[in-house]
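As they're listed, the protein sequences go chains Y and W. Using my numbering, the letters of the first sequence correspond one by one to residues 1 to 174. Using my numbering, the letters of the second sequence correspond one by one to residues 1 to 98.
Hints in this document: simulated from the structure, not taken from any laboratory. Built from N, CA and C at the ideal position, the CB exists for glycine as well. Fair warning: there could be bad hints in the mix.
[As the list claims (entries may be wrong)] Chain Y is faced by these chain W residues, among others (derived, beta-carbon under 7 Å):
1) 33
2) 47
3) 74
[Claimed, not checked] Listed next, with one range per pair, are the computed distances between beta-carbon atoms:
4) Y:135 - W:85: 49 to 57 Å
5) W:85 - Y:150: 43 to 51 Å
6) W:19 - Y:89: 15 to 23 Å
7) W:92 - Y:173: 17 to 25 Å
8) Y:160 - W:85: 25 to 33 Å
9) W:85 - Y:146: 19 to 27 Å
10) Y:151 - W:53: 19 to 27 Å
11) Y:146 - W:13: 34 to 42 Å
12) Y:86 - W:91: 18 to 26 Å
13) Y:85 - W:77: 43 to 51 Å
14) W:90 - Y:150: 27 to 35 Å
15) Y:78 - W:92: 13 to 21 Å
16) Y:79 - W:13: 22 to 30 Å
17) W:86 - Y:109: 49 to 57 Å
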Amino acid sequence: MTYVVFLLSVMFVMGFVGFSSKPSPIYGGLGLIVSGGVGCGIVLSFGGSFLGLMMFLIYLGGMLVVFGYTTAMATEEYPETWGSNVMILGMFVLGVLMEVGLVVYMVMSDGVEIVVDFKNMGDWVVFEGDEVGLIREDSMGVAALYSYGSWLMVVAGWSLFVSIFIVIEITRGA
Amino acid sequence: MPSIYINIFLAFILALLGILVYRSHLISSLLCLEGIILSLFVLITLTALNTHFTLSFIFPIILLVFAACEAAVGLALLVIVSNTYGIDYVQNLNLLQC
């Protein structure tokens, strides 16, 4: 159970091999969804629950849904899966063998360790004056976007707003 | 170098190779670009969580914002290609071929 984060990162790489061997795009999207879910699990197990939620909501629920719809529009009649084409299967097997080799090397050289002890209460308990407060460091860090990073917030919001017009302009001219 | 970072770097390199090596579809390369962004997000979040450098949590959110812009523009270009040629095969993009 101590090595669960290492196993999650191995599954992360397997998901990446799954879409990087380039099957038909709908199966690539499936690999990206699996990798996104496992990556969220990695972030969660280090204590970043707000950023894990961000990833599920915005990345998987926003960007990948748009990718799914576009793939459904631009797809072909007989999609190639991982077993149908020998090239894709070969790339997938090569990637899996590489990752297994890395895992075996790490276990043999006894280098698998946990970096941070996530039961350490000193990370998120603050002592100020006579009272004890409680902060969540990832939520507070993102909330600093409104105070210290207000100009960055303006730039990011403006660029999102302009990109809508850019997309409309691109899809108009044909 | 913690062993989890090695796996995430490896995922980044795999997605980078996926962009550089074309097969038939253009949208597969865009998916590998999304994979690069995903691995960068996980990497910077883990670094910020391990070093407890609270203010650097702004960066994953900003990365997600600009990744959304980039995905939107990439998909718009793909829609244009698909409208012109019927499908987004890379071999169709040969107008400047000598």
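Status of the hints after comparison with the structure:
1. 33: With a closest approach of 11 Å, the residue 33 of chain W hint is violated.
2. 47: Nearest chain Y Cβ about 10 Å off; hint violated.
3. 74: Hint violated; residue 74 of chain W Cβ to chain Y Cβ min 10 Å, cut 7 Å.
4. Y:135 - W:85: 49 to 57 Å: With Cβ atoms ~54 Å apart, the hint holds.
5. W:85 - Y:150: 43 to 51 Å: With Cβ atoms ~45 Å apart, the hint holds.
6. W:19 - Y:89: 15 to 23 Å: 21 Å, holds
7. W:92 - Y:173: 17 to 25 Å: 18 Å, holds
8. Y:160 - W:85: 25 to 33 Å: 30 Å, holds
9. W:85 - Y:146: 19 to 27 Å: For residue 85 of chain W and residue 146 of chain Y the Cβ distance comes to about 45 Å; the hint is violated.
10. Y:151 - W:53: 19 to 27 Å: Given about 20 Å between the Cβ atoms, the range holds.
11. Y:146 - W:13: 34 to 42 Å: Since the Cβ atoms of residue 146 of chain Y and residue 13 of chain W sit about 35 Å apart, the hinted range of 34 to 42 Å holds.
12. Y:86 - W:91: 18 to 26 Å: 20 Å, holds
13. Y:85 - W:77: 43 to 51 Å: 26 Å, violated
14. W:90 - Y:150: 27 to 35 Å: 42 Å, violated
15. Y:78 - W:92: 13 to 21 Å: 19 Å, holds
16. Y:79 - W:13: 22 to 30 Å: Holds - the Cβ-Cβ distance for residue 79 of chain Y and residue 13 of chain W, about 27 Å, lies within 22 to 30 Å.
17. W:86 - Y:109: 49 to 57 Å: Holds - the Cβ-Cβ distance for residue 86 of chain W and residue 109 of chain Y, about 53 Å, lies within 49 to 57 Å.
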